[in-house]
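*Asks:* In order, the protein sequence lines correspond to chains S and B.
Sequential numbering of the first sequence, starting at 156, is according to my numbering.
Sequential numbering of the second sequence, starting at 156, is according to my numbering.
Hints are supplied without guarantee of correctness; some may be wrong.
[To be verified] Cut-off 30 Å, straight-line C-alpha distance, at most; resulting in silico cross-link-like pairs (DSSO-like, lysine-lysine):
1) S:Lys482 to B:Lys251
2) S:Lys167 to B:Lys440
3) S:Lys439 to B:Lys521
4) S:Lys439 to B:Lys232
5) S:Lys440 to S:Lys369
6) S:Lys308 to B:Lys254
7) B:Lys364 to S:Lys384
8) S:Lys231 to S:Lys189
9) S:Lys364 to B:Lys167
10) S:Lys223 to B:Lys251
11) S:Lys384 to B:Lys439
12) B:Lys209 to B:Lys162
13) S:Lys232 to B:Lys384
14) S:Lys232 to B:Lys251
15) B:Lys440 to S:Lys208
16) B:Lys482 to S:Lys364
17) B:Lys440 to S:Lys162
18) S:Lys209 to B:Lys185
19) S:Lys231 to B:Lys384
20) B:Lys261 to B:Lys450
21) B:Lys208 to S:Lys439
22) S:Lys440 to B:Lys364
23) B:Lys521 to S:Lys232
24) B:Lys559 to B:Lys440
25) B:Lys440 to S:Lys440
26) B:Lys189 to S:Lys440
27) S:Lys439 to B:Lys189
28) B:Lys440 to S:Lys231
29) S:Lys440 to B:Lys600
30) B:Lys162 to S:Lys440
31) S:Lys162 to B:Lys439
32) B:Lys364 to S:Lys418
33) S:Lys364 to B:Lys232
34) B:Lys418 to B:Lys439
35) S:Lys559 to B:Lys482
36) S:Lys162 to B:Lys521
37) S:Lys369 to B:Lys364
38) S:Lys440 to B:Lys185
39) B:Lys559 to S:Lys450
Worth flagging that the hints you see were computed from the coordinates, not collected in a lab.
Number of protein chains: 2
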Amino acid sequence: MFDYNFKTDQFKYETLYEGIREDIINGHLKPDQKLPGRREMAANLHISITSVKKAYELLTDEGWLYVKEKSGYYIKKINYRMKPVKPFSIPAEDPKQEKAYEIDFKANQVSTRLFPFSQWSRCMRNALNYPTETLSQTVPWQGLYQLRASIAKYLYENRSMAVNPANIIIGAGTEYLYTRLLMILPENTVIAAGDTGTHTFASIARHLKIRFDKVPLEQQNMSPDQLAKDVTIAQLSPANLFPIGRAMPVDQRIAFFEWVNAKPGRYLIEDDYDSEFRYDGGYKKTMFSEDTQNKVIYMNTFSKTMIPSLRISYMILPDDLLETYEKNIGFYANSVSTFEQYALSEFMEEGYFQRHLDRLLTYYRKHRQNILTAIRNDKALMQKTRIEEYGAGTHFLLHIHTDKTEQQLIQSAEQSGMYLSFWHGSHKDHEQILVINYAAIPNEKIQQALKLLDDVITVM
Amino acid sequence: MFDYNFKTDQFKYETLYEGIREDIINGHLKPDQKLPGRREMAANLHISITSVKKAYELLTDEGWLYVKEKSGYYIKKINYRMKPVKPFSIPAEDPKQEKAYEIDFKANQVSTRLFPFSQWSRCMRNALNYPTETLSQTVPWQGLYQLRASIAKYLYENRSMAVNPANIIIGAGTEYLYTRLLMILPENTVIAAGDTGTHTFASIARHLKIRFDKVPLEQQNMSPDQLAKDVTIAQLSPANLFPIGRAMPVDQRIAFFEWVNAKPGRYLIEDDYDSEFRYDGGYKKTMFSEDTQNKVIYMNTFSKTMIPSLRISYMILPDDLLETYEKNIGFYANSVSTFEQYALSEFMEEGYFQRHLDRLLTYYRKHRQNILTAIRNDKALMQKTRIEEYGAGTHFLLHIHTDKTEQQLIQSAEQSGMYLSFWHGSHKDHEQILVINYAAIPNEKIQQALKLLDDVITVM
Numbered sequence: 156m157f158d159y160n161f162k163t164d165q166f167k168y169e170t171l172y173e174g175i176r177e178d179i180i181n182g183h184l185k186p187d188q189k190l191p192g193r194r195e196m197a198a199n200l201h202i203s204i205t206s207v208k209k210a211y212e213l214l215t216d217e218g219w220l221y222v223k224e225k226s227g228y229y230i231k232k233i234n235y236r237m238k239p240v241k242p243f244s245i246p247a248e249d250p251k252q253e254k255a256y257e258i259d260f261k262a263n264q265v266s267t268r269l270f271p272f273s274q275w276s277r278c279m280r281n282a283l284n285y286p287t288e289t290l291s292q293t294v295p296w297q298g299l300y301q302l303r304a305s306i307a308k309y310l311y312e313n314r315s316m317a318v319n320p321a322n323i324i325i326g327a328g329t330e331y332l333y334t335r336l337l338m339i340l341p342e343n344t345v346i347a348a349g350d351t352g353t354h355t356f357a358s359i360a361r362h363l364k365i366r367f368d369k370v371p372l373e374q375q376n377m378s379p380d381q382l383a384k385d386v387t388i389a390q391l392s393p394a395n396l397f398p399i400g401r402a403m404p405v406d407q408r409i410a411f412f413e414w415v416n417a418k419p420g421r422y423l424i425e426d427d428y429d430s431e432f433r434y435d436g437g438y439k440k441t442m443f444s445e446d447t448q449n450k451v452i453y454m455n456t457f458s459k460t461m462i463p464s465l466r467i468s469y470m471i472l473p474d475d476l477l478e479t480y481e482k483n484i485g486f487y488a489n490s491v492s493t494f495e496q497y498a499l500s501e502f503m504e505e506g507y508f509q510r511h512l513d514r515l516l517t518y519y520r521k522h523r524q525n526i527l528t529a530i531r532n533d534k535a536l537m538q539k540t541r542i543e544e545y546g547a548g549t550h551f552l553l554h555i556h557t558d559k560t561e562q563q564l565i566q567s568a569e570q571s572g573m574y575l576s577f578w579h580g581s582h583k584d585h586e587q588i589l590v591i592n593y594a595a596i597p598n599e600k601i602q603q604a605l606k607l608l609d610d611v612i613t614v615m
Numbered sequence: 156m157f158d159y160n161f162k163t164d165q166f167k168y169e170t171l172y173e174g175i176r177e178d179i180i181n182g183h184l185k186p187d188q189k190l191p192g193r194r195e196m197a198a199n200l201h202i203s204i205t206s207v208k209k210a211y212e213l214l215t216d217e218g219w220l221y222v223k224e225k226s227g228y229y230i231k232k233i234n235y236r237m238k239p240v241k242p243f244s245i246p247a248e249d250p251k252q253e254k255a256y257e258i259d260f261k262a263n264q265v266s267t268r269l270f271p272f273s274q275w276s277r278c279m280r281n282a283l284n285y286p287t288e289t290l291s292q293t294v295p296w297q298g299l300y301q302l303r304a305s306i307a308k309y310l311y312e313n314r315s316m317a318v319n320p321a322n323i324i325i326g327a328g329t330e331y332l333y334t335r336l337l338m339i340l341p342e343n344t345v346i347a348a349g350d351t352g353t354h355t356f357a358s359i360a361r362h363l364k365i366r367f368d369k370v371p372l373e374q375q376n377m378s379p380d381q382l383a384k385d386v387t388i389a390q391l392s393p394a395n396l397f398p399i400g401r402a403m404p405v406d407q408r409i410a411f412f413e414w415v416n417a418k419p420g421r422y423l424i425e426d427d428y429d430s431e432f433r434y435d436g437g438y439k440k441t442m443f444s445e446d447t448q449n450k451v452i453y454m455n456t457f458s459k460t461m462i463p464s465l466r467i468s469y470m471i472l473p474d475d476l477l478e479t480y481e482k483n484i485g486f487y488a489n490s491v492s493t494f495e496q497y498a499l500s501e502f503m504e505e506g507y508f509q510r511h512l513d514r515l516l517t518y519y520r521k522h523r524q525n526i527l528t529a530i531r532n533d534k535a536l537m538q539k540t541r542i543e544e545y546g547a548g549t550h551f552l553l554h555i556h557t558d559k560t561e562q563q564l565i566q567s568a569e570q571s572g573m574y575l576s577f578w579h580g581s582h583k584d585h586e587q588i589l590v591i592n593y594a595a596i597p598n599e600k601i602q603q604a605l606k607l608l609d610d611v612i613t614v615m
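Next comes chain S alone, as it looks inside the complex (with noise of 0.2 Å):
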């Protein structure tokens, strides 16, 4: 009984602090079992009073011993069921790998060999050998001010936005900012959105318990008319209604900016997402840069304009909201890391940012064409399809002449190592709408892709 191995790199009182614990719960120490006085215990491990005395009250201090008045420390009493910890292995591998397509048309897919990880890399290095003290120093909750900076110059050079740096607050994507914009606005929020390609958001809202009406687009537009009376907030992607692709008319934005100023309390979400993305030369302009009344909340993300690895998003806040963020949730540290926002901040202020875009844009414009080209010249699937596109983002939509089921069309195209992603818009009869995200399907595997969507169609 105690015989504990007393180590030179470990304080005495420790050693035996542990060895007593150890005991009492493997059981070789009994509850109110009394140990040797101090002075005993010391003199028999040799070591000094002192030791006892710290390993003893920190004992008793923990709960595994107690002391009697005038008589000394007992073991307490535990009902204690440890768990064993076995020999545990973990698997190198992930046991659940998503399942990789050979042709994969899923949103969110980026062309990623565009990416130029070279100046990338170099931005990353230069953020590491700051000084110390820069890259310790708290970042402000809103997000690094270099970073915010650079958005902001980029938003006034590009989309002619004149945006404060305070204004803009970064975060780890676009769901984040959504969660924490939901999380200032008041009580009686309502928000209303287009029924197509905001489901992210609204199961946001769902989970925040605030309502969020789903207004069918009909004639692929929303109007101010269909929203319901206590609705305060409409969210819009002017540039690009997903996933049409068209951008909203002029007088829709009229009608919604004639909402949103009839009402104190109401504002406009403008999710300007995949805005960078179109070929026609159509209308840029941003709602934001159109608002005379600060009722614009703008969001964008880097996610397509740079990679999806990158979880840097932003979010520009009227300065009434922003003060609610501020007094309300300024106090959660922002999400994203300052070694990356320092990368990001280079990365743009070197012009590489808008080069990438340049190549990014007659990438994609390039690509787009080739495969509209190649639909039109297969003469067999011409026949049981219809393209509807309008010039913008990184996808167009395909009406598929089918009596099948969507679930028929997924199966059979899983089967062949295709993935296939249908908008539930207001198709037809003997229609399914096939939404065909380009950016991650090569230049040399269209023909393929081609062959493999006509016999998913065609097969019985």
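With the hints as your guide, set chain B onto chain S.
*Replies:* Just chain B, lined up with the frame of chain S:
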């Protein structure tokens, strides 16, 4: 009129479209004015009829023109006050920079001097050199498998925790994970936690309209008897009760296990923040590792063990909650950059993390001792203060005998360039309790800090 400048790098229809649009916006073209016919316009401008047709159609589609059957295209009336974009300058420096303190006892500070930036850079560089396909793969919603496996291995080897990587969720900060967790708990959730140091969690719960009971920690302890009957979740930090720094006694742990197992739907949250820093060899076992019924939700972060600039935390969920999470909010993309997840995994696998932790622990232990000794040797200060410390964390408590209010002390400290942080716990009369967060106070500033502190307490 219509003397547009056709450039070689733009499609003709685009130039025409943009020109007419601008002329409508700036008022050169009036509402209801008729545009020249397509043939006439084409001839005047020496461009093809197809180009004019395309431009007119785009303008009509976007709402700038309307069509009269058998007559032609007319300018639509638009009540559109455009916001002119003025020349706009963006300040290079953040106008509202946070005040820097000469002596900063703020929490959440970390000694960044010891952080091995060069090893971290190496891991980041390696991650950036991974094949493009690897980096552009979508990370599962829980986070990169490799990193989850590295964390599981670390927890097994260092904390005797048998964790399946499938139960780990990686997120951009502990606040982020708390928000997500609160989104999957059932309607009747009521949370209880000690009334110290959980302000952020309480605020998140308030925003999500979940009741949060703050339990007074009178004996610097919390017992299940103090919880209201309808409480379903108790949040604990058994390794290190903030700000007292005391480990939770064993009988209290048992009491909480009995409480959680007594009724279905109850859980414990073990916030293991700062648990890596124990200097007295005290009881380090996590309640997670002692839990036999899968009732412990475990939280930890790399903010204090790495650097706060990295926003990486993790949460371990019991199987039933994991299933709910995946089903209900698995649609949220993972919030941490893929690069940094690869880099951190390598940093751990290479043993850099463990070595850094060891150095940090040695440094903090010694530094803590230096500050404690300096206070004890400062006779003037010792007459006005009392140290309370339990050998854990990166702070201890200093009870100040004073009749001044907290606000008075903070203000006079601020005038001397010192940031003070107080505990609003159960202090006695004529006393204020200072939280001495010493991580960011370098050795050479200790004497200066104590001198300033003495002045602040003494001066009228």
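*Asks:* Would you mind marking each hint as holding or not holding in the structure?
*Replies:* Hint check results:
1. S:Lys482 to B:Lys251: This hinted pair holds, its Cα atoms lying about 15 Å apart.
2. S:Lys167 to B:Lys440: 20 Å, holds
3. S:Lys439 to B:Lys521: Outside the cut-off at roughly 61 Å; violated.
4. S:Lys439 to B:Lys232: At roughly 20 Å apart (the allowed maximum being 30 Å), Lys232 (chain B) and Lys439 (chain S) satisfy the hint.
5. S:Lys440 to S:Lys369: 25 Å, holds
6. S:Lys308 to B:Lys254: Cα-Cα ~26 Å, so holds.
7. B:Lys364 to S:Lys384: Holds. Lys364 (chain B) to Lys384 (chain S) sits at ~25 Å (cutoff 30 Å).
8. S:Lys231 to S:Lys189: 10 Å, holds
9. S:Lys364 to B:Lys167: 51 Å, violated
10. S:Lys223 to B:Lys251: Violated, at about 60 Å.
11. S:Lys384 to B:Lys439: 58 Å, violated
12. B:Lys209 to B:Lys162: 17 Å, holds
13. S:Lys232 to B:Lys384: This hinted pair holds, its Cα atoms lying about 27 Å apart.
14. S:Lys232 to B:Lys251: 58 Å, violated
15. B:Lys440 to S:Lys208: 23 Å, holds
16. B:Lys482 to S:Lys364: 18 Å, holds
17. B:Lys440 to S:Lys162: 21 Å, holds
18. S:Lys209 to B:Lys185: 92 Å, violated
19. S:Lys231 to B:Lys384: Holds. Lys231 (chain S) to Lys384 (chain B) sits at ~28 Å (cutoff 30 Å).
20. B:Lys261 to B:Lys450: 34 Å, violated
21. B:Lys208 to S:Lys439: 20 Å, holds
22. S:Lys440 to B:Lys364: This hinted pair is violated, its Cα atoms lying about 38 Å apart.
23. B:Lys521 to S:Lys232: 36 Å, violated
24. B:Lys559 to B:Lys440: 40 Å, violated
25. B:Lys440 to S:Lys440: With a Cα-Cα distance of about 59 Å, the restraint between Lys440 (chain B) and Lys440 (chain S) is violated, given a limit of 30 Å.
26. B:Lys189 to S:Lys440: The hint holds at about 25 Å.
27. S:Lys439 to B:Lys189: 25 Å, holds
28. B:Lys440 to S:Lys231: 18 Å, holds
29. S:Lys440 to B:Lys600: Violated, at roughly 55 Å.
30. B:Lys162 to S:Lys440: Holds - the C-alpha atoms of Lys440 (chain S) and Lys162 (chain B) are around 21 Å apart, at most 30 Å.
31. S:Lys162 to B:Lys439: 19 Å, holds
32. B:Lys364 to S:Lys418: 27 Å, holds
33. S:Lys364 to B:Lys232: With a Cα-Cα distance of about 41 Å, the restraint between Lys364 (chain S) and Lys232 (chain B) is violated, given a limit of 30 Å.
34. B:Lys418 to B:Lys439: 27 Å, holds
35. S:Lys559 to B:Lys482: 28 Å, holds
36. S:Lys162 to B:Lys521: Distance ~20 Å between Lys162 (chain S) and Lys521 (chain B) Cα, so the pair holds.
37. S:Lys369 to B:Lys364: OK: Lys369 (chain S) and Lys364 (chain B) at ~24 Å, within 30 Å.
38. S:Lys440 to B:Lys185: Answer holds: Lys440 (chain S) to Lys185 (chain B) is near 21 Å, not above 30 Å.
39. B:Lys559 to S:Lys450: 47 Å, violated
In terms of the numbered hints stated before, the structure departs from hints 3, 9, 10, 11, 14, 18, 20, 22, 23, 24, 25, 29, 33, 39, listed from lowest to highest.
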